[in-house]
Amino acid sequence: MKNFSRLCALAVGAFTIIGATAQSLPLPDNQAPNRLLLDVDGVVCSYCSYGIKKKLSKLAFIDKSQYNDGIYVDIDQQQVLVAIQPGQVADVEAAFKAVRDGGYDPLRACVTDNAGELECVDASAES
Amino acid sequence: MSGRFLLPLFLVAVIAFESASAHQPVMDMAPRWNDGYGFQLRHESYGSGKLLAGSGELSNSNGLERHVNKTWLEGIYTFNPSKRITFKLPYVEQRRVALVDGQPVAQSNSGLGDLILAMPLKRYTNKGANTSNWGITPQIRLPTGSSSGDFAISDGSVDLGLSVSYSAEGFPFGKDKPSLYQLYDLFYWYNREGDDRMREGDVVGLDINLGLHPIHNNNTNSGMYLMWDVSARHTQAPNEFTRTTASGGKRVHSGPVLVLYRGNMMFRAEYKLALYEKVDGLSLSRGDEFTVGIGWTF
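In order, the protein sequence lines correspond to chains A and B. Numbering (this note's numbering) for the first sequence: 244 to 370. Numbering (this note's numbering) for the second sequence: 22 to 319.
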């Protein structure tokens, strides 16, 4: 009974903390020029999806001066936003491969070019 | 049962359960990417001076007790999300007061423990805002610990283990609510005979982690999980020659788990209470367990 009481106290403490918490900021400026927006199945944990960031960051077209080394992972929307260096062309196929190598399944990529034109590609069409 | 029988039984079975933590480094969740690797330092502590006969508490007039501290170095290499290899190597510090010829005697030992190698094989399913995986993990425990002394760290045997697990994270309460993380890990350790005819009993166990992911920040890749852990073990009694901490019985430990992460670093702390213990014969309670660990993935 003593242990049970202590257990209950710990449970109350833990879930009080939950009630006092909040979610993070929404996805930033994904309609801006020079952006690659990836829809990725299963991205619900930043720590687990570190591999996506690691693999994408090796791609040459990424503008590492923005976000976290050029990459913003949104685990609320299952999206990955990539900043493209001005004047560079996003290699969508390489981005899909980076996501797969990172342990996840890409669904779609939408590229907003330097002029703000939007073009989307399904991952199934690429593979 | 008379004291004449209880005493020798107690001397043989003296205290404690072998730690058979089935969780694989690093924190079950990562790395899940091709050519990923990581390491973790984890400290676990347990022990008590509560003397049990079955599930009932006895008077402990001789001041018997046992305390164990293990600091684990754990590492992982992920070939691809489906195939990994891991190692776990503990540094053990253990001390106890045991009855020897009817007198309480303090004993202690320290040094490297047994090395555990494993090959987790996983099958992932990613669907929308959910990710899940089934895993099967063959494991082998090599006798790198010393089997000498009155209070041996290892029984000197090569042991075999197998774990079957399922874990998932998703948003069953809606995407505006915290996600739910769940892990179920059922495992078995076949403990073979080692040095000096010592043989610790086989262990079957179930670990359950259920928790929420109430805080995260996409801007900094940081956040927090709050979970609840339930660990159940059924251990066969070791044989009469065994001088390690092994003892037989059933137990359930449970308590909260706090996980903090930022980027590629994860911190985990858990405190588990001994909710239920039923020992074979006479033995000390394992006591409450405290574990704290920090790991990095690359």
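Because the hints were derived from the structure by calculation, they are not lab data. Hints should not be assumed to be uniformly reliable.
Unchecked claim - Heads up, simulated BS3-like pairs for lysine-lysine below, C-alpha to C-alpha not over 27 Å straight-line:
| id | chain 1 | residue 1 | chain 2 | residue 2 |
| --- | --- | --- | --- | --- |
| 1 | A | Lys-340 | B | Lys-198 |
| 2 | A | Lys-340 | A | Lys-307 |
| 3 | B | Lys-71 | B | Lys-148 |
| 4 | B | Lys-271 | A | Lys-301 |
| 5 | B | Lys-271 | B | Lys-104 |
| 6 | B | Lys-71 | B | Lys-271 |
| 7 | B | Lys-148 | B | Lys-299 |
| 8 | B | Lys-271 | B | Lys-91 |
| 9 | A | Lys-340 | B | Lys-104 |
| 10 | B | Lys-148 | B | Lys-196 |
| 11 | A | Lys-301 | B | Lys-71 |
| 12 | B | Lys-71 | B | Lys-104 |
Sort out which numbered hints this structure fails and list those numbers smallest first.
Of the numbered hints given earlier, those the structure breaks are 1, 3, 4, 5, 7, 11, 12, listed in rising order.
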